[in-house]
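Enquirer: Sequence:
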Amino acid sequence: MTELYEQFRISHHKSTPYRPKMNGEVEAANTNLKKIIQKMVVTYNDWHEILPYALHGYRTSIRISMGPPQAVLQVEVEIPSLRVLAEVQLDEAEWVQQRLDQLNLIEEK
Numbered sequence: 001m002t003e004l005y006e007q008f009r010i011s012h013h014k015s016t017p018y019r020p021k022m023n024g025e026v027e028a029a030n031t032n033l034k035k036i037i038q039k040m041v042v043t044y045n046d047w048h049e050i051l052p053y054a055l056h057g058y059r060t061s062i063r064i065s066m067g068p069p070q071a072v073l074q075v076e077v078e079i080p081s082l083r084v085l086a087e088v089q090l091d092e093a094e095w096v097q098q099r100l101d102q103l104n105l106i107e108e109k
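With the first letter of the sequence shown counted as 1, position 38 gets the number 38 in full-length UniProt numbering; the numbers rise by one all the way through.
Among the clues, some could well be false.
[As the list claims (entries may be wrong)] Computed cross-link-like contacts, DMTMM-like style, restricted to lysine to aspartate or glutamate with a CA-CA straight-line distance of at most 20 Å:
no.	residue 1	residue 2
1	K35	D46
2	K34	D46
3	K39	E49
4	K39	E27
Keep in mind that the hints were calculated from the coordinates and are not lab data. These numbers were taken from a predicted model, which means no experiment stands behind them.
Between the sequences and the hints, there should be enough to build the whole structure, so can you do that?
Expert: What follows is the structure, encoded as structure tokens:
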């Protein structure tokens, strides 16, 4: 498993899901989910029907306290966006060639 983590640059953190009071991240996530469900639910008897939608909204949103997901940062670091062309003032053909070289390097990894 360690080799897989290193290959994909994953930082693995162990936590105990059975004791949420000891884990601040889990407690904060549960609190946020409760708030989302309270805003979405009509009667408290149907909260379990709303839960998948609340989870989807929570998991796909960028939380400011945590910042953007690492994958977004990795892509931005590995492959600079088109705004770099304007900032560096490269010739378009030269920029395309550099971009292809970067993609080939990533593919080789």
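Enquirer: Taking the hints in turn, state whether each one holds.
Expert: Hints, verified against the model:
With a C-alpha separation of about 15 Å, the suggested pairing of K35 with D46 holds against the 20 Å cut-off. The suggested pairing of K34 with D46 holds, with an alpha-carbon distance near 13 Å, which does not exceed 20 Å. Simply put, K39 and E49 have alpha-carbon atoms about 14 Å apart, close enough for the 20 Å limit, and the pair holds. Of the pairs offered as hints, the one joining K39 and E27 holds, with about 19 Å between alpha carbons and a cut-off of 20 Å not exceeded.
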